[in-house]
Structures are given as C-alpha cells and as structure tokens.
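Asks: Each chain, written out:
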Amino acid sequence: MTEYIDLKTPLENSTIEKLKAGDKVRISGVLYTARDAAHKRLIEMVVAGKDLPFDVKGQLLYYVGPTPAKPGQVIGSAGPTTSYRMDTYAPTLIKMGLKGTIGKGSRSKEVIEAMKEHKAVYFAAVGGAAALIAKTIKKVEIIAFDDLGAEAVRKMEVENFPAIVVNDTAGGDLYDIGRGKYTIPL
Amino acid sequence: MRQINTEQITDTVEKLCTDANYNLGEDLITSLSGALEKEESPLGREVITQLLENAEIGRKEQVPVCQDTGFAIIFIELGQEVVLAGGDLREAINEGIRHGYKNGLLRKSIVKNPIDRINTGDNTPAVIHTDIVPGDKLKITFDAKGGGCENMSRSAMLTPAQGREGVIDFVVETVRTAGANPCPPIIVGVGLGGTFDYSTLLAKRAILRPVGSNNKDKTIASLEIGLLEKINKLGIGPQGLGGRTTALAVHVESFPCHIASLPVAVNIECHSHRTKTVVI
Numbered sequence: 001m002t003e004y005i006d007l008k009t010p011l012e013n014s015t016i017e018k019l020k021a022g023d024k025v026r027i028s029g030v031l032y033t034a035r036d037a038a039h040k041r042l043i044e045m046v047v048a049g050k051d052l053p054f055d056v057k058g059q060l061l062y063y064v065g066p067t068p069a070k071p072g073q074v075i076g077s078a079g080p081t082t083s084y085r086m087d088t089y090a091p092t093l094i095k096m097g098l099k100g101t102i103g104k105g106s107r108s109k110e111v112i113e114a115m116k117e118h119k120a121v122y123f124a125a126v127g128g129a130a131a132l133i134a135k136t137i138k139k140v141e142i143i144a145f146d147d148l149g150a151e152a153v154r155k156m157e158v159e160n161f162p163a164i165v166v167n168d169t170a171g172g173d174l175y176d177i178g179r180g181k182y183t184i185p186l
Numbered sequence: 001m002r003q004i005n006t007e008q009i010t011d012t013v014e015k016l017c018t019d020a021n022y023n024l025g026e027d028l029i030t031s032l033s034g035a036l037e038k039e040e041s042p043l044g045r046e047v048i049t050q051l052l053e054n055a056e057i058g059r060k061e062q063v064p065v066c067q068d069t070g071f072a073i074i075f076i077e078l079g080q081e082v083v084l085a086g087g088d089l090r091e092a093i094n095e096g097i098r099h100g101y102k103n104g105l106l107r108k109s110i111v112k113n114p115i116d117r118i119n120t121g122d123n124t125p126a127v128i129h130t131d132i133v134p135g136d137k138l139k140i141t142f143d144a145k146g147g148g149c150e151n152m153s154r155s156a157m158l159t160p161a162q163g164r165e166g167v168i169d170f171v172v173e174t175v176r177t178a179g180a181n182p183c184p185p186i187i188v189g190v191g192l193g194g195t196f197d198y199s200t201l202l203a204k205r206a207i208l209r210p211v212g213s214n215n216k217d218k219t220i221a222s223l224e225i226g227l228l229e230k231i232n233k234l235g236i237g238p239q240g241l242g243g244r245t246t247a248l249a250v251h252v253e254s255f256p257c258h259i260a261s262l263p264v265a266v267n268i269e270c271h272s273h274r275t276k277t278v279v280i
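Top to bottom, those sequences are chains A and B.
At position 62 of the first sequence the residue is numbered 62 (the numbering used here), and the sequence of numbers has no breaks.
At position 14 of the second sequence the residue is numbered 14 (the numbering used here), and the sequence of numbers has no breaks.
FYI, nobody ran anything at the bench for these hints, they're computed from the structure.
Even for Gly, the Cβ is constructed at its ideal location relative to N, Cα and C.
Accuracy of the hints is not assured; some may be wrong.
Label pairs and their computed distance ranges (CB to CB) [claimed, not checked]:
no. : chain 1 : residue 1 : chain 2 : residue 2 : range
1   : B       : T195      : A       : E113      : 41 to 47 Å
2   : B       : G163      : A       : S108      : 32 to 38 Å
3   : B       : K218      : A       : G171      : 44 to 50 Å
4   : A       : G49       : B       : I118      : 23 to 29 Å
5   : B       : I118      : A       : P185      : 46 to 52 Å
Non-contacting residues of chain A with respect to chain B, defined by C-beta distances greater than 12 Å in every case (computed) [stated by the list, open to error]:
no. : residue
6   : N13
7   : V46
8   : A48
9   : G49
10  : V56
11  : V64
12  : R85
13  : Y89
14  : T92
15  : I133
16  : K135
17  : D147
18  : E151
19  : E157
20  : D176
21  : G180
If we strip away everything but chain B, and leave its shape as in the complex, we get:
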C-alpha cells in the first residue's frame, strides 16, 4: 500500500497546465522540423518556420504558444496499491486546473451549460478519465485540447462490409472536409473498434502517443502509414494554404468490436499539441 495525498495531485496538475501550454514537446518540434525540410510549398515552409519561431518564444518567455489554452483533459492511471488521502480526487484535479489557469495566465475557455453558455471563469471542470492499473504509481497525463481542431472531429458506425477501405475513406474524407479549419498541420487520432463511445476515447488516446510513433500491431501500423500518405496527397498544407504537410502523423488505436459493427472515430489535433505526463 502506498499513500498519496491529493494536495500533491493539485500541485502536480497546476504545474502540468503551464508546462504543457508554454513548452511544446520535443517529439512535436522534431516532427515540425522534419516537415519543414520536406515541404515543397514556399508559403507552407514560411508557415512552419513561424510556428517553430512561435514555439521558441513560448519556451523562452514562458507564455502560451496558442491563445486557445484548451479544454483541460486529464488521464489518470491509478495503481491498485495506491491509497489517496486528503480529499476527493476530482476536486483535487479541478483545483489544480483552477490554480494553473489563473496563475499561469491561461485563457478561461469553458462555459457551464452548452445552451446558456456562461463562462465558468476558471477553466474547470476538466474532463477526467481514470483507469485502475497494477502497481503503486499514479500517472497523470494532461492535454490542453483546442476547440477548433476538436470541432473537426467525427465518428461513424460503419458496416463490417465497408471494411479497411471504408475506414480509410472515412478518415481521409474527414480531413478533406475539415480543410484549413483545424489549423494544419494536424495530428490525426483514429479510434477503431470498441463501442460507439469507446471508439472516440480510443481516438483521443491515439493523439497522446509520441508524435509519429506507429502502433505495435503490424496491420494497424500499415493502416497508419497508408492513411498519412493519402492525407498528405490532399494538398491542404500548412494552414490550408496548399502544401505537402497536411498531417504530421496518424495514430490508430484499435480494440475488439461487435460482429455487427465497425466503429471508427477521428479526433483531430492541431500542431499546438500540448500534452505532458508525470508519474508520482
């Protein structure tokens, strides 16, 4: 048994908010730099150069790289041997978000009711996913999810007959219709299988993999490579102004599904990909 105080969770979450929003991950920077070398469009190269310059400003001056500091999404992996003491886990997480977004001068972008739309004023509540796993660690992953790219996400319940081709067509068509709106170059998270709801969670988890990494399953990895190639043939390019870099990466997460179903979800992430993980 190992005890973790919820105060430590609050402090950790607060630091994750600002770390993620100011300092883009090395995997993302490497991916953008690689895209800059391959991009054929002069305007596309100019855009990517500005994004890299912007990332450097964020890191040097400790300011948000994008003004949409996002919906706070928290993934918790709680070891079975951990006992939480001090208070309610959800409360502790939301308090961390509250502090992080206030002290870190991040934007408050959440409205309480989707119809009335009054701002909650503190960027809470977070969307929290919890998994109980073996062990005695607590892993916290923070993701600042921008609204623009999230809005371009789609899901479908395909028929088994539509198969691999149907999945490819749906993913590519989703990116094609999104066009310039999600702030290309994008990262495409695909959730394949599970149930209607689980497929969208898979797609979100897919986004959080190291940028450009391939699925360990060879069939799925080949799907990822094929999708990335097709998407970059669309010519949408950086900021939709035309070019070869529409997507930096396609990550597919897969799960068993019903004999009658082929759920597929596409969660779009922009190039301001802000995620940090800490293990307590």
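Looking at chain A on its own, in the form it has when it is part of the complex:
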C-alpha cells in the first residue's frame, strides 16, 4: 500500500503544490471547523469588513459538526459532512489564503478553479468513520458562534488525522480518476 505524506499546519504553497490527487496524508497541528451556519456568518463578516475569528492564511478548514463529548473524551464522534453545501462560501476563504478544506463529496467548478488559482487543495476524510477519526483529535475549543452548538467554529489540535487528496492544484480529481477506473459501460 502507498505511504502516507505527513503534513503539519500551517501549510505553505510549496507543500500544497506538491500534493497530487490520490495522495494519502496524515495531518498534524491545527484544524479549524465550520459548516453551514458558521460559514454564512463568516462570509457576512468578510462582506462587512470585520476580522474573522481566526486567520485563515496557511490553515485548513474541516467541515464537521461533532456529537457531544463523553466525560473523559476530548470530542465526540467527528467525521466529515458533505462539502458541496459550503461551495458558495469556499472561494472567498480560499482567496483569503485558506490552504485546504476537508470534507466529503465533490466540489463545484468555482471552488476547483479558486483552489487552482490560489494554491489550495481539497481533502476527503472517510464519511461515517466518525469514532475512528475522533481518536486523532487531541484538543478542542470553541472559538466562535457558541450559540450554534454542534455548528460552532472550533479550533482542534490533531495528530495523524487521516485524509486523502481529492482535488490538487493541477486540476487532478480523485473522484473522476477513481470512477474512471471502475465504471463498466451499461
């Protein structure tokens, strides 16, 4: 089996540009989280010229809304949510210097173009492997929009968070490549 590439946040363009669709990665460092409701507020803040709750430059954003933590747990189950719902918001954050997003499912043309132009990648985590993924999350704090509960913006510290590059900066798309290999004409 192919090796993992170890990535440590924050990430620079030189690292991002070397990643190729299909690369398996293990991410360590900080991941910020946001999904539907938080993104709406984040973009409203950008439009209003306000500072965001965190600096996106060099960072990765994980699309997740976790379950509550058990006593003694850092976080509950925390697998990815479906990314296309954040497609309208992603290009703005990518233009501001966000280096990657982690979710599941395909991105739109606009997001893919923004990633190519501004050097960002899209990673997929395994949807539904939420208890397994949670074990790589070592520290969590809510940094914005506490009232949104599971949808609040969180800052997570992770160790060897597993993901796979779906869209790279050269236009490679693992969903296309994968399907292409296994489609049998009807």
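Since chain A is already given, all that's left is putting chain B on it; use the hints.
Replies: For chain B alone, coordinates are given in the frame of chain A:
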C-alpha cells in the same frame, strides 16, 4: 383490550435512540463484510475496513458511529386492541427522543424553521408515522436518518409509457449524480406507485427492510437485482473514490397507482444505517 402506558413508550424510544446510533445492525455488518470480500479497489477495501473498525468502536465504547446522529424517524404499528393511557402519544415519543439524544450524547441536528434555522436544541420533533394494524401489540421502529444521504434523494412522476426502463433510468441516474455525496456504499430505497406523497413513504419503508433482502413479488425482486447490478457498474465505489461497491442493496416497495401515473421515489441511505425495532 390491552393497556399500554405512554411512559413505557418514552422509555423504549429513549433506549432505541442510543442502541441504533451505537450498535449497527448485524444485517448491515454482514453486508459490509461481504462487500469487503468482493471489492476490487484497494482503496475501496481500505475504506470498508475502516468502516467495520469504526462500527466495532461504536459497539465496544458505546459511542455514536457517525457524528450525524440523524433526524429521528419513528414508525408506529399500533394494534387495534391496544389502549394508550397516560398521555399524548406524540408527546411521549418526542420526550423519548429528547432524553435519548441528551443522555446518549447524540447531536442535536434539527432546526425549527427551514428559513430561520434556529436549532431546536433537543433533536425534536421526530417525524412520526402511525399505522393501525390488527392485534394487541405496539411495534416501534426507530431510524436515525442522516442529512447527507437524505439530501441526495429524488422523486419523479413518470409517464406509464416510460415503464420499467424509465424507472431503471431514473433510479440509476439519481445514484450517478449523487456520486460521493451520500457516503457510499449506500442502501437505495425505491418507492414505486401510490401517489406522489405515498411513493416517497414507500421508499423510506424500503430502506428499513433487512439489508439485501428481496421483495416477495418476483417482478419487483427481479427489478431490485437488475438495479443493484447496474448501480454497481457505475464505478463510484466506497466514498466515491472508485470501486465495485457503490450500493450494498436496492430495496423496492410497490403499491397500485393511477392509470395516468408512474410515481417513483428514490430515498438514499448511507452505510451508517441505524435502525432498531422493538415490540411492546
């Protein structure tokens, strides 16, 4: 006549919430294990292996297998000879959901108004379907329905002329356009016939059949087998990363329909298929 106290319904529903979210059904695990053996894609096999490992963690540590602990859907089959005492049935069910999602540390994923979108804070209300049936039992089926796969569901009012081929094309196209989004490998519930609304309920009920079981009607069973084969030729694979296992099963439920109509509904369910049934 047999009396059942609604407090018992609340307690039962509370236990169903956590049981379903922590412990995936044996039929689902068997289906995933079978898919692992047949899957040709190395990455696909790796994904399925992780899903089985994840299911084991859920069961051992009693934690949710997926962070989307779903919209609570309850199917009630109430025996005609049962009298409910104590309180309102819907209230009793929602109280069970409230307790289950709070005490079971499940995610609160419901917003009160689809436009304003303020979280209800307790994962209620449930969607409740009730059927009155012969007998003196109360059967409660709980389903935690994830949002991602639900979002990929579609329905259509085909013309009778479109026929069997039209149904096949619609179902396969729905799965094809969904791609990686519903978290493959999926379970495809198809509702055929009835009215516009009834076809979607049939599709939801179809999902709740034992995974991989075929309809007792031979015509419909043959449709199920044909659909599963065509869907798995799409090559979408586990998590859409390419492979032979796009769907674990296709279940079709059918009902008579109008001479002018051919309603077909496709309800997509992901591999975190969480449903439990109790008979009181």
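Asks: So, for every hint listed, does it hold in this structure?
Replies: Cross-check of the supplied hints:
1. Remark: the range hint 41 to 47 Å for B:T195 to A:E113 is upheld by a beta-carbon distance near 43 Å.
2. Here the CB-CB span from B:G163 to A:S108 is close to 35 Å, well matched to the stated 32 to 38 Å.
3. Remark: the range hint 44 to 50 Å for B:K218 to A:G171 is upheld by a beta-carbon distance near 48 Å.
4. At about 26 Å, the CB distance of A:G49 to B:I118 agrees with the hint of 23 to 29 Å.
5. A hinted range of 46 to 52 Å for the beta carbons of B:I118 and A:P185 is consistent with their spacing of about 48 Å.
6. At roughly 26 Å, the least C-beta separation between A:N13 and chain B is larger than 12 Å, which holds for a residue marked as non-interface.
7. At roughly 20 Å, the least C-beta separation between A:V46 and chain B is larger than 12 Å, which holds for a residue marked as non-interface.
8. For A:A48, the requirement that its beta carbon stay farther than 12 Å from each beta carbon of chain B is met, with the minimum near 20 Å.
9. Residue-level check passed: A:G49 sits 25 Å from the nearest beta carbon of chain B, beyond 12 Å.
10. With a least beta-carbon separation of about 23 Å from chain B, A:V56 lies farther than 12 Å from that chain, consistent with its non-interface assignment.
11. With 12 Å as the threshold on Cβ separation, the claim that A:V64 sits away from chain B is violated: the shortest Cβ distance comes to roughly 7 Å.
12. At roughly 8 Å from the closest C-beta of chain B, the C-beta of A:R85 falls inside 12 Å, breaking its exclusion from the interface.
13. Here A:Y89 stays apart from chain B, with its beta-carbon at least about 15 Å from theirs, past the 12 Å limit.
14. The non-interface label for A:T92 is consistent with chain B: the shortest C-beta to C-beta separation is roughly 20 Å, beyond 12 Å.
15. With a cut of 12 Å on Cβ distances, A:I133 falls inside the contact zone with chain B, its closest approach being about 8 Å.
16. The Cβ of A:K135 does not lie farther than 12 Å from every Cβ of chain B; its closest approach is about 8 Å, which violates its non-interface assignment.
17. Not every Cβ of chain B is farther than 12 Å from the Cβ of A:D147; the closest lies at roughly 9 Å, contradicting the non-interface assignment.
18. Consistency note on A:E151: stated as away from chain B, yet its beta-carbon is not over 12 Å from all of that chain's, at 8 Å minimum.
19. Every CB of chain B is more than 12 Å from the CB of A:E157 (nearest about 18 Å), matching its label as outside the interface.
20. The non-interface label for A:D176 is inconsistent with chain B: the shortest C-beta to C-beta separation is roughly 9 Å, within 12 Å.
21. Distance check on A:G180: its Cβ comes as close as 7 Å (rounded) to a Cβ of chain B, failing to clear the 12 Å threshold; non-interface status is violated.
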